[in-house]
Amino acid sequence: MHADQHGAVVIPEDVMPVLGEAIKTLLTNEQIIIGPAREPGFDICKLEAAWKIFEEART
Numbered sequence: 000m001h002a003d004q005h006g007a008v009v010i011p012e013d014v015m016p017v018l019g020e021a022i023k024t025l026l027t028n029e030q031i032i033i034g035p036a037r038e039p040g041f042d043i044c045k046l047e048a049a050w051k052i053f054e055e056a057r058t
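Quick note, the sequence shown lines up with residues 0 to 58 if you use numbering that gives the first Met the number 0.
So the derived label-pair ranges between C-beta atoms look like this:
| id | residue 1 | residue 2 | range |
| --- | --- | --- | --- |
| 1 | MET15 | CYS44 | 37 to 43 Å |
| 2 | THR58 | ILE22 | 15 to 21 Å |
| 3 | LYS51 | MET15 | 32 to 38 Å |
| 4 | MET15 | GLY40 | 39 to 45 Å |
| 5 | ARG37 | ALA7 | 28 to 34 Å |
| 6 | TRP50 | PRO16 | 29 to 35 Å |
| 7 | LYS23 | TRP50 | 19 to 25 Å |
| 8 | ASP42 | ASP13 | 42 to 48 Å |
| 9 | ASP3 | LEU46 | 25 to 31 Å |
| 10 | GLU38 | PRO11 | 36 to 42 Å |
If you are wondering where the hints come from, they were derived from the structure by calculation, not from laboratory data. Just so it is clear, the structure is predicted and the values come from calculations on it, not from any experiment. Every residue, glycine too, gets a C-beta built ideally from N, C-alpha and C.
Given these sequences and hints, build the entire structure.
What follows is the structure, encoded as structure tokens:
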């Protein structure tokens with residue numbers, strides 16, 4: 000079980016073996032958007048380009 004100020008969730012035991020790798024994938028994919036968003040000059044064009052890469056990474 001995980002609980003914080005946002006709520007609680009129970010993680011089924013059968014998910015545990017793949018959870019670590021899934022978290023790594025999530026963090027890596029988030030950086031596709033978050034990294035450029037933190038750079039000076041980030042704009043809608045850069046967001047669209049980053050989003051395209053993000054979508055490709057998800058599939």
